[in-house]
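Asker: Below are the chains, spelled out letter by letter.
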Amino acid sequence: MARLIAQRLFNSAVSIALVSIVLFLIFEISPETVAADALGQYSTREQRDLWLAANGYFEPLHVRFLDWARRCLTGEFGNSRLYNAPVSTVLGPRLAASGILAACFFAILIPLSLSLGVFAGMKEGSKLDRGISLLSILTTSVPPFASAVLLAAIFVFGLGLLPGTSSMIDGFRWKELVMPVAVLLLYDFGYLTRITRASMADVMQTAYIRTAALKGLPDWWIILRHALRNALIPPFTVIMLQINWLIGGVVVVEFFFAYKGFGSLILEASLTHDLFLLQACTAVSVLIAVGTQTIADIGYGLLNPRIRVAR
Amino acid sequence: MTDVAATQKKVTLLSLLRESPILVAGLSILGFWMLVAIFAPLIAPFGPNQNLVPMAPPGSRTPDGRLMLLGADHLGRDVLSRIIYGGRTVLTYAPLATLCAYSVGVTLGLIAGYKGKWVDELLSRFADLVLAFPVIVLYIVIIQKFGASGLNILVAVTLASSPGIMRLVRGVVLDLRTRAYVSAAQMRGESTFYVMFVEILPNARGPLIVDACLRLGYVTITIGTLGFLGLGIPPPTPDWGSMINESRHFAMVFPHMAVFPCLAVSSLVLAFNLIADGLRELSLAD
Amino acid sequence: MTQPLLELDRLSISYRTRRGAVPAVVDVSLSLNPGESLGLVGESGCGKSTIAFGIMRWLAGRGQIVGGRVLFEGRDMATMSPAELRHVRGKRIAMVFQEAMSALNPCLTIGAQLTEVLRFHEDVVGPEAERRAKTMLSEVRIPDPDRVYRAFPHEISGGQQQRVVIAMALLANPALLLLDEPTTGLDVTVEASVVKLIAEVSRRFGTSLLYISHNLALISRVCERIAVMYAGEIVEEGPTRRILTAPIHPYTRGLIACLPESGADKVARPLAPIPGQIPAPWERPAGCFFMPRCAYAVPGRCDVAHPPLIDDGTGAQVRCVRADEIGPERVAGVAGQPPAAAEGISVAVDNLSKDYKITPPGLRGLLPFAEPLRIRANDHLTFNAEAGRTLAIVGESGCGKSTFARILTGLERATGGKVEVAGADLGQLSVIDRSRDQLRALQMVFQNPDETLNPSYKVGRQIARVAKRLLSLGRKERAQRVQDLFAEIRLPPGIADRKPRHLSGGQKQRIAIARAFVGRPDIVVADEPVSALDVSVRAAVTQLLMEIQRAHGTTLILISHDLALVRYVADTVVVMYLGQVMEAGSTNQVFSGPHHPYTELLLKAQPKLDNDQGLDAPVEGETPSPLDPPKGCPFHTRCPRKVGTICEAARPPEQVTPAGHRMACHIPMADLARVQEKELT
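Chains as they are written, first to last, in this note's numbering: chain A, 21 to 331; chain B, 10 to 295; chain C, 43 to 723.
Derived by calculation from the structure, the hints in this document are not laboratory data. Any given hint might turn out to be false.
Coverage of chain C stretches by chain B, computed from C-beta distances (three or more under 8 Å per stretch; other residues unrestricted) [claimed, not checked]:
| no. | segment |
| --- | --- |
| 1 | 487 to 497 |
| 2 | 502 to 514 |
| 3 | 574 to 581 |
Taking lysine-lysine and the DSBU-like style, the derived pairs with C-alpha atoms no more than 30 Å apart in a straight line are [said to hold, decoys possible]:
| no. | chain 1 | residue 1 | chain 2 | residue 2 |
| --- | --- | --- | --- | --- |
| 4 | C | K399 | B | K126 |
| 5 | B | K126 | C | K541 |
| 6 | C | K238 | C | K646 |
| 7 | C | K684 | C | K673 |
| 8 | C | K133 | C | K238 |
| 9 | C | K646 | C | K673 |
| 10 | C | K541 | C | K518 |
| 11 | C | K720 | C | K684 |
| 12 | C | K399 | C | K673 |
| 13 | B | K124 | C | K646 |
| 14 | C | K238 | C | K720 |
| 15 | B | K124 | C | K510 |
| 16 | C | K399 | C | K460 |
| 17 | B | K124 | C | K460 |
| 18 | A | K195 | A | K280 |
| 19 | C | K646 | C | K684 |
| 20 | C | K460 | C | K673 |
| 21 | A | K143 | C | K133 |
| 22 | A | K280 | B | K154 |
| 23 | B | K124 | C | K684 |
| 24 | B | K124 | C | K399 |
In silico negatives: residues of chain C with every beta carbon more than 12 Å from chain A [as the list claims (entries may be wrong)]:
| no. | residue |
| --- | --- |
| 25 | Q45 |
| 26 | D69 |
| 27 | R99 |
| 28 | P281 |
| 29 | R283 |
| 30 | V363 |
| 31 | E385 |
| 32 | G458 |
| 33 | P535 |
| 34 | T687 |
| 35 | E696 |
| 36 | A701 |
Just so you know, even glycine gets a beta-carbon here, dropped at the ideal spot from N, CA and C.
Turn these sequences into a full structure, and let the hints steer you where they fit.
Answerer: And the structure:
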């Protein structure tokens, strides 16, 4: 087990190191663009050169990279041109806002999907199973941007029940969170449900479930003790990997509902060429993605005793 | 069960409908959109960029009395016609992008899985690297660096999807390469290329076809999302995602401008998902 | 008269499929008294496992009892409520499956899976349950019950897993034990000890047995009565001795004639294969199901009506209208031929070694320059294969015999030593480096019929491709060659246009043989060529392989775990254990002794039809891990003839008789001959 954790952590560290090189190359390979982005389109040639010299851009590439990496590690990402403030102060509240969104989303998604999936998979081919499967395939087919429009058309325009934007101008209001969370859920719960269902259905077909049944154990015991743990291993991994996907959904949802979160920030940074802000956002998102991936791997090992010892 | 397939009847639409209604439903929707895309100029009542009556509600008429079934957008362009032509855009770019991603992913996956050792190590590392980025961030960064265009979307989709395809193929190949028929091919001196593409690849088709359908749906969503975020195929090309983006400010007042493209894109994604599900169902029944 | 414990009354079970209801079990009636043991024998697809699941009323998915009843202790199981059924399952009837690994839940400890039986059937929990579980583990001869109790299924060996499953079945002290191929996939020595255990515990606990297997010899070791199944029905049923010595039904006769008799070789008693193959349920003929394959069939009688099961007056039943007419003579096999004369050395193996490197487990393996662990799969092998004859390499799984085959065929590279073929050392020469003629000269027949042919292409095309690559034949000549070969392997040419999934296992294996012989090779390596086939098909494919080898004058290297087959087919034999050669010599030398103690163990473990010692099964213990092989003689950990610490300390010397019988053992061959002779008398 210690080996598994060490290996995964090592792998993640390598990934992050490699990604940082790639990021550096993408963003910083040509100082001209950096200067243009940092000082704005209307800066003069001399201004840009002065700025580049002042910020050490005429050093050799590897020195620049090491310096850049050091700044990334210590969180000194520079100033956001868009907000005219240090990137870290812009980033913090936005991350927190998205965190709230994600927390609400998972708090509903996990119990909903897992229970639906388990019920569907318990008796493959039953009416309940077919119903749940059809519902999940229908909802996964509606892209988040489409469901945002459709839900807004119904609940905001049609019924007037909910606010159409979630910008939280008048402070935090739960009501404004309903639409974004609903859109994310609508697209994603079907996927997780299907994974859980498939996994549960597979487990119910295995020889050890048959053994358990032929040992004369009651059904509830077979489900709870023999099936669930094995069946929940793949969904667990998927939940963790969802976070990577979630960032995509979050961008769309925050953009549509004008929610001031991390997703809309990254989009703003990109659309306005706010280089340092975009760098920081990208770095943070990679960190989140790699981190959850690592947790998923290690968790998989913990849940599955076969992996724990064999590798 | 040796002769089941030998004596099996030919697959007819009717028998397919009995075996997997889901598949038939998916194929029907896809067929509908393909016909619409192919015959767009014949079906569409107006040109996609023709300016008529701005913000016209569904069912209203142009001054010369022609019906605008789904209304017009803020520039007075007929929504129905734009959806019809938009079908062309998405049905060009989604399959093309998926095909590109598959060509790269399958080739790399075959090489990684079959060659193994350091080649596999290197390619897998590279795939991990790309997969470490949240997909949307990858798109945003690429489009931000290289600008929004059809070609860049193809490149971005290929870059973002091929590592996943590579992993899938690699897994299947790792299993298949130990088969005796692969050893038999090596023992008659077949080239690596022949073994990979002729002996192994055809036997990996089952999971790949299902995955390709799912991925087509996903790429459709991606193209739509990029359009929606304003990073998609530049205007005035009719594109469902961009239509939603352009009209979303008016969505609270004139929802028809955004709602219909939403329904269009959802139905197309649904078609791909249904086909994938149906195919999986059929392959399990065999 | 006592009431039978279990009674099947005209039981019929069908599976719903796309082509309608497929009958898997037809009209089967059986009864089993308390304490009795009944063997149910038949080839794959004959419905024997379906019967077991039918009894348990666990016909997952599409199976359905369409007729008849299952009476357990006089009660119709169909009338039982779910709660009653649960009570019967596990408590009164327990079941042991094939492949114990998949029958155990990978996420729960062995202890948890054992004690839950007691919890629900005996209301026993806590320390008392743990105590009883551990007692039962020692009852099934698990050496370290405390460790195994806490272990997860993957942490114990295959043999131990099967013992755990048996322990689990016996925990609630059931009246009836259903065993479905309980030793399939285990090595012969492990199989022998598991079978011995089953016989022992059933006697001790007074449990009735219903033992299902394809292996007649194995069943005859445990069961008092045998029922032979063919195509979903019972064709003959009676006391074991009577079935084995005086079988009446032509299928039973055929099954017995298919098995190489212990002590016989291909000259003394050739195999008599049953022609054809088992009909699919929808292809069963109107009259007797066996008629198309039957040597005694008479048109007009056998194809008119379906024959009933008739009591023959001696406590046995036969389903054959000609039961009284056909005499007791054996089915005559094709006469065997004496071994071919040796024409020099074809393959010379000299000190061949192969190491596999694996990363060490634990944190140490992560260090960049950690010394990799080595598994020595082949350890200084030295032997020769004579041209035009058959060399067999025998040993249990993990002995390195397949690794040798892969080195010889160039799919792996040797770590050290030489394999000389036609003057060239092939040990380091992998397939990509071999010349076309070297490739042509050395071909292989693989084990698994389902993996040997590419599922995507027609079989004729696959054979033609070999002719193109190895012989550079033109299109027309290729087609001709394919046709000739199909005639040689006795398959109708129409088969060439089929894809592998439309062929039976036997047909696929025939085509695999044809493929190996396309380029008229000098040497063919056959890795367990028939082990995956049904018994009746096995004999025919073996026969074919021998014929074609003889016709082409090819050197055949047969890799097998099946001593009976080896004795039957081979001219010379090499016995391997943990990567080393233990014994080598002519077939006669190896089988008539003196034997190396390991060969002796293998011979004893071999299930035999005419085995009167019955359960005088060999020592316990399993092959040690090749990761940590024993020092000295690799076999000393299991050797019943171990002489002392010298076996643990020094590698045994190689003894060679003037006639060429070689053996690696510390005991002089003369002494071995003496003790083994004494034990026999």
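Asker: Would you mind marking each hint as holding or not holding in the structure?
Answerer: Hint-by-hint comparison with the structure:
{"no.": "1", "hint": "487 to 497", "result": "holds (count 8)"}
{"no.": "2", "hint": "502 to 514", "result": "holds (count 5)"}
{"no.": "3", "hint": "574 to 581", "result": "violated (count 0)"}
{"no.": "4", "hint": "C:K399 <-> B:K126", "result": "13 Å, holds"}
{"no.": "5", "hint": "B:K126 <-> C:K541", "result": "33 Å, violated"}
{"no.": "6", "hint": "C:K238 <-> C:K646", "result": "12 Å, holds"}
{"no.": "7", "hint": "C:K684 <-> C:K673", "result": "14 Å, holds"}
{"no.": "8", "hint": "C:K133 <-> C:K238", "result": "23 Å, holds"}
{"no.": "9", "hint": "C:K646 <-> C:K673", "result": "25 Å, holds"}
{"no.": "10", "hint": "C:K541 <-> C:K518", "result": "21 Å, holds"}
{"no.": "11", "hint": "C:K720 <-> C:K684", "result": "17 Å, holds"}
{"no.": "12", "hint": "C:K399 <-> C:K673", "result": "19 Å, holds"}
{"no.": "13", "hint": "B:K124 <-> C:K646", "result": "44 Å, violated"}
{"no.": "14", "hint": "C:K238 <-> C:K720", "result": "24 Å, holds"}
{"no.": "15", "hint": "B:K124 <-> C:K510", "result": "25 Å, holds"}
{"no.": "16", "hint": "C:K399 <-> C:K460", "result": "20 Å, holds"}
{"no.": "17", "hint": "B:K124 <-> C:K460", "result": "26 Å, holds"}
{"no.": "18", "hint": "A:K195 <-> A:K280", "result": "15 Å, holds"}
{"no.": "19", "hint": "C:K646 <-> C:K684", "result": "17 Å, holds"}
{"no.": "20", "hint": "C:K460 <-> C:K673", "result": "25 Å, holds"}
{"no.": "21", "hint": "A:K143 <-> C:K133", "result": "26 Å, holds"}
{"no.": "22", "hint": "A:K280 <-> B:K154", "result": "24 Å, holds"}
{"no.": "23", "hint": "B:K124 <-> C:K684", "result": "46 Å, violated"}
{"no.": "24", "hint": "B:K124 <-> C:K399", "result": "18 Å, holds"}
{"no.": "25", "hint": "Q45", "result": "22 Å, holds"}
{"no.": "26", "hint": "D69", "result": "25 Å, holds"}
{"no.": "27", "hint": "R99", "result": "10 Å, violated"}
{"no.": "28", "hint": "P281", "result": "30 Å, holds"}
{"no.": "29", "hint": "R283", "result": "32 Å, holds"}
{"no.": "30", "hint": "V363", "result": "39 Å, holds"}
{"no.": "31", "hint": "E385", "result": "49 Å, holds"}
{"no.": "32", "hint": "G458", "result": "30 Å, holds"}
{"no.": "33", "hint": "P535", "result": "41 Å, holds"}
{"no.": "34", "hint": "T687", "result": "34 Å, holds"}
{"no.": "35", "hint": "E696", "result": "38 Å, holds"}
{"no.": "36", "hint": "A701", "result": "48 Å, holds"}
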